[in-house]
Amino acid sequence: MTTLDLAAMVQRHGGDATRLVQILHEVTAALGYVPPATITELAARLGVSRAHVEGVVGFYSFFSAAPQGRFRVRFSDNITDQMAGSHALCQRMLDAFRVELGEVSRDGLVSIARTSCTGLCDQGPALLVNDRAIARLTPQRIGAICSLIRGEVPLPQWPENLFAIHRLVERRDRILAAVMQPGEGLAAAVARGKAATIAELERSGLRGRGGAGFPAGAKWAACAAAPGPERYVVCNADEGEPGTFKDRELLMHHAELVIEGMTVAAFAVGAQRGLVYLRAEYPFLVAPLEELLARRRAAGLLGRAAGGVAGFDFDIELHVGAGAYVCGEESALIESLEGKRGIPRNRPPYPVTHGYRQRPTVVNNVETLAAAALIARDGAGVVRDVGTPKSAGTKLLSVSGDVARPGIYEYPFGVTVRQVLDDAGAVATQAVQVGGPSGTLLAAREFGRRIAFEDVPSAGAFMVFDQRRDMVAVVENFARFFAHESCGFCTPCRVGTTLAAQMMTRIATGVGSRRDVKDLARVAGVMKAASHCGLGATAGAPVVAALEKFRPAFDQRLRSLDVVPTFDLDLALAPAREATARDDQAAHLDEESP
Amino acid sequence: MTDASPPQTFQMDGHDVAFTPGQSILTAALAAGRYIPHLCFHPEFTAHGSCKVCTVKVNGQPHASCTTPARSGDVVESDTDELTQLRLNLVQFLFAEGNHFCPSCEKSGACTLQGVAYELGMTTEHYSPLFPDRPVDASHPDVLLDFNRCILCELCIRASAIHDQKHVFALSGRGITKHLIVNAESGRLADTALALSDKAMTVCPVGVILRKRQGFAVPIGERRYDHQPISAVAVGHRPKEDGHE
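In order, the protein sequences belong to chains E and Z.
Numbered according to this note's numbering, the first sequence spans residues 1 to 594.
Numbered according to this note's numbering, the second sequence spans residues 1 to 245.
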């Protein structure tokens, strides 16, 4: 095992326990996991309880206290990956290494698991291996990856083309067509003044692009007005909603605009520090973003007297998440930034007054910040003049699934679903999931509806399902996603998401009953009414929508009985069949036999 | 809140409930003798609102009453069929999640989960039980931890951290795999700083943290909620004799 100088590592992070998630990334990169003895030592060096560190390790999907393979493979398990054949490709790799899903091969070479959407839906199926992402998987690519792993070729020596991320931008508008020189937005904001910059943002009508649509100007104004000696600006780049990858495009090719937006925000609200919370599934963005921040520091746009503005001392650091969808919720994200389990806080108080380290904090989505930079330079009209009265500006959509041209499409708000489908070359479309699993499931008769906060809001996902697709399988994938990503804080979401996933799996595999359908609606109602945050509140929505809009797909799967016994004698023999490597007819019980 | 200021009130199920600023809907209601079913709330600790059993409707919107500040003039619904159904489902969720076998449990009759279930008229757990594998920890000479009954209320965590200053308990895992852990590399309670005199020993609302060699000191039938329902005990009606402790 590689030895690790934990003392030096902790010292590099200033002995700061809020850096715990970043420290655990370093440990995992070196050792593949976080051994129990390391947890004990880290806790002692950081001055926190051992159980706290163990709890943080146990919370995040990308950390483990149990040994993992030297090559840790995670297949993206979004429905679009699944539709593109990810399960068969995963099985191919499992067979190649004779290992079970979620387990480590006996020689410790490889562990293979599934993970929630990795944000490469326009070029899936995708996987992560250690800290690298690979898209466009085919049987040939899987074969190549297996050979490289078997040969224990270090990742830096793998062929670079394996890691290529294609750029698929199909429609550009205000944001994607913008060209901004570094510092232009900040200079305009400085010329205008702090209060006027916020007023301009309010005038633009810009609403948060992460999904909830809170007015960005009001958020900045509240943070600026909150008392306190220090303030923070946080860029929410934890793009975890399955089917969404527009922030990936913005951070890969328009990062200057996003960082400009953060700098403008910091100037306007009086923040000294900025934090980018980047999801761990985008490891290919870390180095380019660090380089960009270094360039801006060298150009005097970050650091002391940023942009040449006396008294404006502002710098930005990058934090990498660790595989937890709930951290896209702004208060859970702040908990994670503080090195804790990502549990949404009780609100009020809101982050604008009590955010990072209990200080006033602006948390904005990547796309919101990009738009804010443009508003600072070009004025409110750049957003106000397009879109609809209640949804000003443009929206980046991540189009994936059954379309001829998947990729990024930027439209003015108010575009119809049908228009997007036509532009993307979708034919015989059965359904569209707008905004990801927590969004809105639309059937064909609703394709005249518009993408806008007042009609069909969207954080950016646009997943298309044609008539070949089984909507029960689609919704089952979503139900499993929510069960996997529930933080577990509150009863309704922790238990409800798992019960719902079990019922959906029963129905999808043909052993569900009418009672399951009734209970699904009941569980969804409990989650919606009583959950602590938006994850639980929306977890039942796709199931409820599918039951309403695609009921025949469910009914034809049900056994006609009201109740199907939970004990299935034939299923109970499955372990015996597996142990004896038999699956012939004689190894099964006849349906009709007692 | 001087004697001179008029009492502030909100309305709950058609009755005026007086409160002092800083009280939650739940604490104000309990102080006024009006029971709202709850599990993870304890008067000595800051409410965190995880079990959601105390959910009420405030001006028509559902909120956990333990974390919602009482506000003058609010209209609160609590004792309605809809909310009783919601709470019943949440308690059924908890029964399905853990391994709860009341007849063989040392805490039966003095268990908050069981008491609330009776209060809500629960007759079955309804949902397919998950039957989690949760080995007990009998390593400590004086204390048994039976994780099968844990409802993740975090009271022992809060008591140990805030009151005992020891951090003996914490949570690990996520979602349905979330579970109670103890502060030791071995994972064994015997290797923690837990002492019998700790506050954390006394706050478990179910039968997870048990003193050894004290089984059935109070016979079943004479325990805390055997004399009076939990709704009466919780608002301060003293039972004839306190069961269990």
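Careful, some of the hints might be misleading.
[Claimed, not checked] To be clear about the criterion: a stretch of chain E counts as covered by chain Z if any three or more of its residues have a C-beta under 8 Å from a C-beta of chain Z, and this derived list gives those stretches:
1) 481–489
2) 571–581
[Said to hold, decoys possible] Computed beta-carbon distance windows for the label pairs:
3) G187/Z with N161/E: 25 to 31 Å
4) P6/Z with A218/E: 33 to 39 Å
5) P6/Z with P227/E: 44 to 50 Å
6) G187/Z with A30/E: 21 to 27 Å
7) C102/Z with A586/E: 30 to 36 Å
8) F567/E with A193/Z: 27 to 33 Å
9) P229/E with G187/Z: 39 to 45 Å
[Claimed, not checked] Listed next, the stretches of chain Z that the computed footprint assigns to chain E, with coverage defined by at least 3 CB atoms under 8 Å from CB atoms of chain E:
10) 8–21
11) 176–185
If you are wondering where the hints come from, they were derived from the structure by calculation, not from laboratory data.
A virtual CB, placed ideally from N, CA and C, is assigned to each residue, including glycine.
Against the structure, test the hints numbered earlier, and report the numbers of the ones violated in rising order. Structure breaks hints 2, 3, 5, 7, 8, 10.
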